[in-house]
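There are 4 protein chains.
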Amino acid sequence: MLKVAFLGLGSIGRPMARRIKEAGFPLAVWNRTPDHVATFAKDLGVQLSKTPGDAIKDTDIVAICLSTSADVEQVLDAGVIGSIKAGAVVLDLTSGDPATSKRIAAKVAAKKVGFIDAPVSGGVKGAEAGTLTVMCGGDAKDLERAKPVIAAFGQKVVHCGPVGAGDAVKAMNQALLALTIWGTGEALVALSKLGVSPSVALEVINASSGRSNASMNLFPERVLTRAFPRTFRLALMDKDARIAAQIARDERVPAPLTQLVADLCTLARRELGEDADHVEAVRVIERWAGQDIR
Amino acid sequence: MLKVAFLGLGSIGRPMARRIKEAGFPLAVWNRTPDHVATFAKDLGVQLSKTPGDAIKDTDIVAICLSTSADVEQVLDAGVIGSIKAGAVVLDLTSGDPATSKRIAAKVAAKKVGFIDAPVSGGVKGAEAGTLTVMCGGDAKDLERAKPVIAAFGQKVVHCGPVGAGDAVKAMNQALLALTIWGTGEALVALSKLGVSPSVALEVINASSGRSNASMNLFPERVLTRAFPRTFRLALMDKDARIAAQIARDERVPAPLTQLVADLCTLARRELGEDADHVEAVRVIERWAGQDIR
Amino acid sequence: MLKVAFLGLGSIGRPMARRIKEAGFPLAVWNRTPDHVATFAKDLGVQLSKTPGDAIKDTDIVAICLSTSADVEQVLDAGVIGSIKAGAVVLDLTSGDPATSKRIAAKVAAKKVGFIDAPVSGGVKGAEAGTLTVMCGGDAKDLERAKPVIAAFGQKVVHCGPVGAGDAVKAMNQALLALTIWGTGEALVALSKLGVSPSVALEVINASSGRSNASMNLFPERVLTRAFPRTFRLALMDKDARIAAQIARDERVPAPLTQLVADLCTLARRELGEDADHVEAVRVIERWAGQDIR
Amino acid sequence: MLKVAFLGLGSIGRPMARRIKEAGFPLAVWNRTPDHVATFAKDLGVQLSKTPGDAIKDTDIVAICLSTSADVEQVLDAGVIGSIKAGAVVLDLTSGDPATSKRIAAKVAAKKVGFIDAPVSGGVKGAEAGTLTVMCGGDAKDLERAKPVIAAFGQKVVHCGPVGAGDAVKAMNQALLALTIWGTGEALVALSKLGVSPSVALEVINASSGRSNASMNLFPERVLTRAFPRTFRLALMDKDARIAAQIARDERVPAPLTQLVADLCTLARRELGEDADHVEAVRVIERWAGQDIR
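Protein chains in written order, with my numbering: chain A, 1234 to 1527; chain B, 1234 to 1527; chain C, 1234 to 1527; chain D, 1234 to 1527.
As the list makes no split between identical chains, a pair holds if one copy fits it or if it spans any two.
As a list, the in silico DSSO-like pairs of lysine-lysine whose alpha-carbon atoms are at most 27 Å apart:
| hint | residue 1 | residue 2 |
| --- | --- | --- |
| 1 | K1236 | K1389 |
| 2 | K1374 | K1236 |
| 3 | K1426 | K1335 |
| 4 | K1335 | K1345 |
Think of the hints as simulated: they come from the structure by calculation, not from any bench. Small disclaimer: the values here were computed from a predicted structure and weren't measured.
Required output: the full structure, derived from the provided sequences and hints.
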């Protein structure tokens, strides 16, 4: 049975760790702020390590779930890399960026440790239910080694390509999410100003070629109802869209829409704050136009 | 039984006219270039009028299907308006622009004639099958009067709002189509450069939040296959996206993504020519990046 | 001596009218809100007409200075056109749009009246000093006829081309003004965040290839000093930039920077209000970045 | 007298090195492709070292002038850093990027070596005449130490801020150059389509608020004449604009115009090739619009 360490017990990290434990893997956990997770660890019956170095001792899979790749690199650089045992695999569940993931992979490779970037989609609910989609980048053999652990929380595991490929696919999906939210928002605000009911407009669009997940699900459920539930923070969509824009720039792909929507996310985040939900970005268009979608 | 004139027998006008005739309405038709449609009219057993004025005499519904609202206005201004009988309704099936439609509506209203802008979606196949979606703008009573004729070719008839509302909803749908094609293209070109298989990327995106009609249908069927069938011309998507951009500008809605995608369509049309299909727009991104989606 | 009517006595209209009167031309004036200009007319010793129709009777040059071309068209349509004498010239000093100017020119041409679009640059001070630059569009013979009147307030009179050309050149200049203000703002906000003094940065830029009127004059005098004097309203720069964007769209010139800066002006106007100065647009960038230029 | 090494004898590196030698500094030089510069070194009477390591032995100032910061880092990482003597200063004349410059500075600081990023403006002619503007980032004492060498080729030496500040100011200037070239191009193409003479338009703009170095110098001398001399490559403007865009992104400054113009430069470079001059970017707008500026 693979021994697992789990570093980073945020809102999505906790249910993933729980499912790993419940699948029977020996588990040690660590969190930057131990007080936040003491009860969680106790209830789960796992050891809450004082340092990342303690947690990873003799483990086969080092699962990490932090906010950014820079956070992951910082934790690993702080004395951890040298302690991971040869043959282990770092399974980075962070929604990270390919450039940093590649740098991290090279560092751990020097210690004969594998690396898989494995951002997920499906949210806290998907983590709890074990139905996450997991986008993986890295060597096939490292992925093979980590798969039993991934299977504890992931239903659809996709090998996207070399290290960074998982990050890249995740980021591009999020940029497309941002693009469809923002674009549908522009359309519905303009139509509302013209006196067209947004629900009628969505009915037509959703039967036509311009439809998207945003128009079919997010707008009917969250915008037309003015409910704007806070399920995924705009701040995270901003981070993801900026990674997508960075990838396009690094790869020298002129991607003016991706670049623009990344800036729109950044300014919307500034205007609406760190707690705003991603769909609330449309509030910025509404304010600029002096017209709500209704 | 309503007497109908049909002006403009292009590739989608012909099947609409055929279905109107087959539904039993007395029909007269006109086309700018009569030679193109002489056989069609003969086969259909309808009178091919020499002028629009001849066609519309004593008709209750004047159906028009041309390239642009400017074309419609020009035909009506050339001596036609005065000949339409009071109480008739102009049913404009053109994918037009709201500003011109409003101007036309005001002109015909002065002659006690109604106006419905009624652009359609569903393509030539939908017209042949009578399954078009018809987006209508105008007064409810005018729409009510035209509905039996619309029912001959349209399955889903939506009253979107006042005159211009049909045009506006159609244009916004098309702008969203352009946005999702172009955005998905940017994402897949960048991912291809990173070594990610576009079919794998689409598999993930289509199970995630960034999915759209473009990612779910157009890219798998037309781009991954490199088939690029010519079903809807880029030139028309450009026209529609420019109408959408115009609406946003006229309504003073800052809509930077809509404005940008309209310019991208215009330049792609210039680069790829008048015959290119709308999905071929991604070829421009591929050329700029030196990387095909494969 | 040419008889002159002057319609529209706003802040720049008044000094232009005064200079026309002082140059010896017989003058009648009209303003939509007569109370605002009663004292002005009395002091100047000119007749304040009750209606535009009264003002223009038997005049050779009908000078108009309103907010938009739509305002001009509305005044002319309200019974004025028929009263202008054949052979007269409408001298439209409004910062207008070419499409409307062309339509107006066609209407007055039907009455054998000439039309010159003649927006100015140089501000109220230039009008008072008679040093305005006047950008003229229209027939050379109409311009020749109006020139003595223009010479009363304009120093540099440029014949730019056919009707609308004056409007177009003015609008494009303003769009470039907006572009350099906004672009320089983006650069200086980012440099300020990096710890570079904006005055040092401007010193370098102004000795280098990226310099503009904005970087050489507006930023040192108005932004570095945080003075932001209110000399030209952002609302007017927005109007002008939107005209420029409209021209590019109508001419089918992909102009993504012009389109984008027009939207940026529109949203900045919404955020900062109708009284904000045009240079205050940089405050929006500062707010988005959480960093002032200092 | 300070001993100097000069690494990178490209078209602008050679005249800088020549002036350093002529100012009396003991000099050793190195170039990646020694054959290209053998004659130059011989004529100048300086030692052409086989390796960077040979060139820098016992020198006080290590001047480097390569294409990108990545090139500089690569040369320094290849065994050079350890050989620079403590107390020396690396004077990086490359038009580099702040992030890499900061990383390099940290690496050499660990060897008690200083670092100044010092990109220049003024071109080959300015280098030959010793009239370059030099934008410096780094510690004041390091700059003080390098100043006598800088004075050999630079007339205006500006201390912009900490390490990276020189790079940043240079990049932002170049982005503004790109923005004014592209924006003025959009305006003049649209005006040309409207029938306005571009020379008349420039005459007006250059007397008005939208003027810039591009409109005052580049367009009259290079575009109106259709001369398009090749003095500064579009490929380099692209590189610089991308650095500017990167800075804005890294600093979380929403800078949509800077981002967009960076993509426009990248695509223009792809369309026009590596040898095209920076002003030729307007050819892309002309092609998209089907209208030359004339």
